[in-house]
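Novice: Chains as they are written, first to last, in this note's numbering: chain A, 1 to 320; chain B, 1001 to 1299.
It is possible that some hints are incorrect.
One side only, chain A facing chain B, incomplete, derived with CB under 10 Å [as the list claims (entries may be wrong)]:
no., residue
1, ARG85
2, SER107
3, GLN280
What the hints contain is simulated information worked out from the structure, not anything from laboratory work. We put the CB at the ideal spot given by N, CA and C, even for glycine.
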Amino acid sequence: MAELLQVRNLKKYYPVKSGVLQRTTGYVKAVDDVSFTLHEGESLGLVGESGCGKSTLGRTVLQLIKPTAGEVVYDDKNLSDLSFREMKPYRKELQMIFQDPYASLNSRKKISNIVTEPLRIHKISTIKEREEKMEEILEKVGLNRAFADRYPHEFSGGQRQRIGIARALMLNPKLIIADEPVSALDVSIQAQVLNLLQDLQEEFNLTYLFIAHDLSVVKHISTRVGVMYLGRMAELAPKNALYKEPLHPYTQALMSAVPVPNPLIKRERIILKGDVPSPQNPPSGCAFHTRCSACMAICKEQRPELKEVQKDHFVACHLY
Amino acid sequence: MEPVIQNQEIPSIKPKQKAKQGPWGMAWKVFKKDKAAVAGLILLAIMMVAMALAPFLPFADPNEVDLTNRLKPVGTEGHVLGTDHLGRDMLSRIIYGGRVSIIVGIIAVTIALVIGSALGLIAGYFRNFYDTVIMRFMDILMAFPYVLLAIAIIAALGPGLMNTMIAVSIVGIPYYARIVRGSTLSFREMEFVLAERALGAGHLHIIFHHILPNCLPPIIVAVSLDVGWMILAAAGMSFLGLGAQPPLAEWGVMLSEGQEFIRVAPHVSLLPGFAIFLVVLALNLVGDGLRDALDPKSK
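Between the sequences and the hints, there should be enough to build the whole structure, so can you do that?
Specialist: Listed below in structure tokens is the structure:
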């Protein structure tokens, strides 16, 4: 598979200011040295606890938040070097779906207005062509074209999320960053929307960067999965390898928390001790060493690099 | 999780009897139920029509002096509301005076609204430096008692109707800047603004197409309540001799001229006072109704 987008050593530090003079006293390392490659047509799932930097990573890739350091290479261009204006043509190909289907649609605009907005911003095609494109896309995401004249408040959460998906599709993007697109929906609706996303992926040859905190959702849609902890990538592997044989102790703990719908299977749950350390003051060495059951001396001193221990299976842990 | 549920949308809700009802349509529905607000609106409409059409209606000239018919009481033949100390017809003076007062109110509010909203949008959207500079300046303006500030501005500019208008609108600017900044702050963090950025929309596009329309409901409520305040303030300035000057028919001027004769002919000062009361009351009723109708919680 061809490489579509490369993220190299991406960092996003937020300064922490305190005192009367608002001096910078430290940084919250929301995304700390993350690298990965997106291949065309794949879905890379990103999982991790809340606050581990998944959403920040997604937004930083799209340059909605300017990274502190690092590169996002798309089409041989480093997107983080571009100004907002220079970035505009690339936005046609890199789109985003948002978490909250209520907040992500402007409640004062009709659906037709919301969905054709991308074409208007990029000044593509005539009004009539925009209408036709809108009707085509609405039907693709399973919405009646008669809905175009209505306002967002007349729709359910799942329908609104479909509207958000339609908006992202209007520009024929290649990559869609889906930031927890189903976590605000009911479970039955989640399945519908996930299946829709899969169907659309096949039809339009889309690539997904799929951010979620629900392991079963990620398992359903992803081809590869990345596990994040405190702004760092802990493990990155093809879906089956990761779910069958998680290598990083943190991934193992996460996997053991997934409920199995069979009461006869005895499972051994790994209960993590303590809380997630503050990203403002992450532990030295491996960020996970404070909670890790296999912690060694080296873990406290040296930060483990993400290395390939099996084919395509990357893990950042001194055990391997 | 297996894909048990297939991807099929139920062909959707049957169209309601009244589909496509936008946010404004729903607000109107709530507004209609508020009897006081509707009464205020009707009262306001009647006054506006009478004032707008005054030159074409058979009213006496408001400035025609008739010293033989001075201080006639209400109900005199030919002068329904009597005459003032120069024998001028009170009814037509009140109607023509209302034209001046309402125009002053509307223009003053418009100036305050445009400048205040622009400042509020800039402060709320761009935050940081702009926010600090603009809002601290607004705080300084708000720190003055408003009448004192208006008088000070008129003192600097010189008395007159135009300067009164400018003065009361400057006093009103911080009010709008605050309201608009507040809503801008809340909307700029919404995901739909981020979605616009992700689509490549520029700041101006987002401000004018997305933030401003969402700020309209509080702005409209503020305007409807504020026109009354501005009319009152402008009349107050005129009463103090700083605004409109005699012989112009203006409510504040009439009130001030009539006070000398309050014992012999109370109607000369009471009637313009009552007119101010009615307009401000009607505007407040409408404003309260609008506030309920446009409040997202009332839906």
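Novice: Would you check whether A:SER107 satisfies its interface hint, that is, whether its CB is within less than 10 Å of any CB in chain B?
Specialist: holds (7 Å)
Novice: Quick check on A:ARG85 please, does its C-beta sit within 10 Å of some C-beta on chain B?
Specialist: holds (8 Å)
Novice: Less than 10 Å between beta-carbons is the criterion; does A:GLN280 satisfy it with respect to chain B?
Specialist: violated (22 Å)
Of the numbered hints given earlier, the model fails hint 3 alone.
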